[in-house]
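Q: Here's the letter readout for the chains.
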Amino acid sequence: MLDLDHIIEDVRNCKLIPEYQIEELCRLAQELLLQESNIQLIDTPVTICGDIHGQLHDLITLFKIAKEPPQTKYLFLGDFVDRGFYSLETFLLLLCYKLRYSDRVYLIRGNHESRQITSVYGFYDECMRKYGSANVWRYCCEVFDYLALGACIVSPLGGEDAVFCVHGGLSPAVASIDAIRLIDRKQEVPHEGSMCDLLWSDPEENIPAWAVSPRGAGYLFGYTETEKFLYKNRISLIARAHQLVMEGYKELFDGGLVTVWSAPNYCYRCGNVAAVLSLDDQLNRTYTTFDSVIQGGTEVPSKKPVADYFL
Amino acid sequence: MHYKLMSIESEFRRLAVSRNLRKTFFNLVDYKASDNGNNIPRFGTPHVPVGALKSPVINRGTWLRTSSISMIIDDFMKQNEGENVQILSLGAGNDTRAFELLPKYHKTLQYFELDFPDSCKVKKFTILTDKRLYAKLFVEASANASQLPTDYLSFSSSDGKLDSNCYHLIPSDLRKLRKEMIPANFDWTKKTLVLSECCICYMGTEESNQLLEYLRKWLISGLFVVYEPMGGQETQDSRYGEVMVRNLKTRGIEMPNLMVYNTIEKQEARFKGFGIDLKDLVVCDLKFIYYNWIVRNSIMRISQLEMLDEIEELNLINSHYTLIVASWGNAFNCKLRRQLQQH
Chain E
1 MLDLDHIIED
11 VRNCKLIPEY
21 QIEELCRLAQ
31 ELLLQESNIQ
41 LIDTPVTICG
51 DIHGQLHDLI
61 TLFKIAKEPP
71 QTKYLFLGDF
81 VDRGFYSLET
91 FLLLLCYKLR
101 YSDRVYLIRG
111 NHESRQITSV
121 YGFYDECMRK
131 YGSANVWRYC
141 CEVFDYLALG
151 ACIVSPLGGE
161 DAVFCVHGGL
171 SPAVASIDAI
181 RLIDRKQEVP
191 HEGSMCDLLW
201 SDPEENIPAW
211 AVSPRGAGYL
221 FGYTETEKFL
231 YKNRISLIAR
241 AHQLVMEGYK
251 ELFDGGLVTV
261 WSAPNYCYRC
271 GNVAAVLSLD
281 DQLNRTYTTF
291 DSVIQGGTEV
301 PSKKPVADYF
311 L
Chain V
1001 MHYKLMSIES
1011 EFRRLAVSRN
1021 LRKTFFNLVD
1031 YKASDNGNNI
1041 PRFGTPHVPV
1051 GALKSPVINR
1061 GTWLRTSSIS
1071 MIIDDFMKQN
1081 EGENVQILSL
1091 GAGNDTRAFE
1101 LLPKYHKTLQ
1111 YFELDFPDSC
1121 KVKKFTILTD
1131 KRLYAKLFVE
1141 ASANASQLPT
1151 DYLSFSSSDG
1161 KLDSNCYHLI
1171 PSDLRKLRKE
1181 MIPANFDWTK
1191 KTLVLSECCI
1201 CYMGTEESNQ
1211 LLEYLRKWLI
1221 SGLFVVYEPM
1231 GGQETQDSRY
1241 GEVMVRNLKT
1251 RGIEMPNLMV
1261 YNTIEKQEAR
1271 FKGFGIDLKD
1281 LVVCDLKFIY
1291 YNWIVRNSIM
1301 RISQLEMLDE
1311 IEELNLINSH
1321 YTLIVASWGN
1331 AFNCKLRRQL
1341 QQH
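Which chain is which? The protein sequence lines are E and V, in order.
In this text, residue positions in the first sequence follow my numbering: the first is 1, and each later residue adds one.
In this text, residue positions in the second sequence follow my numbering: the first is 1001, and each later residue adds one.
Worth flagging that the hints you see were computed from the coordinates, not collected in a lab.
Accuracy of the hints is not assured; some may be wrong.
[Unchecked claim] What follows is a set of in silico ranges between Cβ atoms, one per label pair, in the way DEER data are often shown:
#, chain 1, residue 1, chain 2, residue 2, range
1, E, Ile65, V, Thr1062, 48 to 58 Å
2, V, Arg1301, E, Gln116, 18 to 28 Å
3, E, Asn284, V, Phe1274, 51 to 61 Å
4, V, Thr1235, E, Asn284, 24 to 34 Å
5, V, Leu1305, E, Arg138, 44 to 54 Å
6, V, Ala1016, E, Leu16, 52 to 62 Å
7, V, Leu1336, E, Gly216, 25 to 35 Å
8, V, Arg1301, E, Cys14, 38 to 48 Å
Every residue gets a Cβ at the ideal spot worked out from N, C-alpha and C, and that includes glycine.
Using the sequences and the accompanying hints, generate a full structural model.
A: Structure follows, in structure tokens:
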């Protein structure tokens, strides 16, 4: 039997977790996530967090600022791994909290929770470096396949409105939230189609409807598409992550959509602040911004590549 | 790689550098970071081994840097077609631009490269040992063959100077540049493109400005092409420059001007201060260039070679690099580029 509290303690201190324990952890997580639907229903109050990208120390700061689970109910919008130097610890910490407090911590999938992307952007290399084999990476990727695609936040006090949460954005193949419920999500993120779009798309002011995304996957969607989706699904807000915003959060389309970004000083290079969004029982929005803890330089492991520039 | 190692006196340091060079080929360590001694400003461009796995955002930015500079150089060559012109490359280091330009323009172009003596030596001997390299620069290898060093001692006593009828490698310390250090075949009356690709940004503010003023004063007709980072306007939400200074410091790199000329406006004022007319001056950040100078098809083609997820990050980094094109004495007509200018 796994001692989750003990593992949480070790992960927070960046201690290496034995491979067999990670295997067990991932197996339990799969069983748990399997029971969740594509769109999770979450009651307020809840705190929504955007991309973390392996910045473990900043995640620990986030928990300090918005309170440790289970004191606060959390929804993480994906992109736990890649880019930062502690992807594995970050993902394991979130997974442990999920297993420990399954109705207080919710995780949905980001475009980086995929085999293909993690093999380019750092998570695969990190696992290889830390364990000398790809086993740990493989166990984690199997968990990725079971992560939900989105969430709907409602008030337990009733009320018409809801908040729709997703990592990237809308898809031309998805007109209603119900359509997302029909997707068979238990697979690697496809290169195209509704599941791909939900994880890859971006909002864009100044475009009428849909446009090609410069990322090479997903779409750009505009004001009218957002309005249509809000109206049709009776929601007041789309909360998403996926894009770096220097201020930590940014509302678009008359407040109908918000981007939340929770990785301060992204990639140890961008100099941005991070934010989380808390929704109360009236779905009022409170943004809390926070800065990177890492001023002393100990956060960047000295033997690994530091932030790159053109020199 | 061979001559790089030969340039190091200490056996221990040689071992360390050799280890890092080998790592570079497997892309575990940045060349410049590993090879740069503490606080010794080194000029030049990074050495990117073929097939190295740099992160996509860095690859995309490096491509943009190279292509935007090439655009200006091509414009310069076209505008002055048939005329005898010169390119003076400051801190040329491992820069390979001459290999591309001279086979094309050797009849009218004189190419001068300036760098520290040790960097010149490494470059010179690397060129001399490969026909594919020296043939492109029209260098007579046989005349130089006897000079190849075999160990540190012969390396340190050797000379980094290399000449052909169109290519000139000149060992020099740019901080102490005097007219007499420039060889007689450099013609101060010819139209000259002065290239600083991440070079003068490593020099002190005074030193770099003195160098530019000096060239501006003595060249009758010239064109500065300067690519360098700028720290940006610090705001409560954005501390890019401050973070960059801190990150570079951990690698023993200093860029004294990063926060001095941290915005386009300040760079513009700097070059106007050298007596450059506003109509002869173009200062853009690389984000602007990416979206306004580069043909859409090229971006599409590049995107297919390597997928790039971090558009925002690329935009952020690019907005902290500038390309400055500043001409005087009719060396270059900025009109076209000015139409595509920021503001």
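Q: Give a verdict on every hint.
A: The hints, checked one at a time:
1. Between Ile65/E and Thr1062/V the beta carbon distance is about 37 Å. The supplied range of 48 to 58 Å is therefore violated.
2. A beta carbon spacing of about 21 Å between Arg1301/V and Gln116/E agrees with the range 18 to 28 Å that was offered as a hint.
3. A C-beta distance of roughly 56 Å is found between Asn284/E and Phe1274/V, which places it inside the suggested range of 51 to 61 Å.
4. For the pair Thr1235/V and Asn284/E, the supplied restraint of 24 to 34 Å holds, since their beta-carbon distance comes to about 27 Å.
5. Distance hint check for Leu1305/V and Arg138/E: the Cβ-Cβ separation is about 28 Å, which falls outside the suggested range of 44 to 54 Å.
6. The given range of 52 to 62 Å is broken by Ala1016/V and Leu16/E, whose C-beta atoms sit roughly 28 Å from each other.
7. For the pair Leu1336/V and Gly216/E, the supplied restraint of 25 to 35 Å holds, since their beta-carbon distance comes to about 31 Å.
8. A beta carbon spacing of about 42 Å between Arg1301/V and Cys14/E agrees with the range 38 to 48 Å that was offered as a hint.
Comparing the model with each numbered hint stated earlier shows that hints 1, 5, 6 do not hold.
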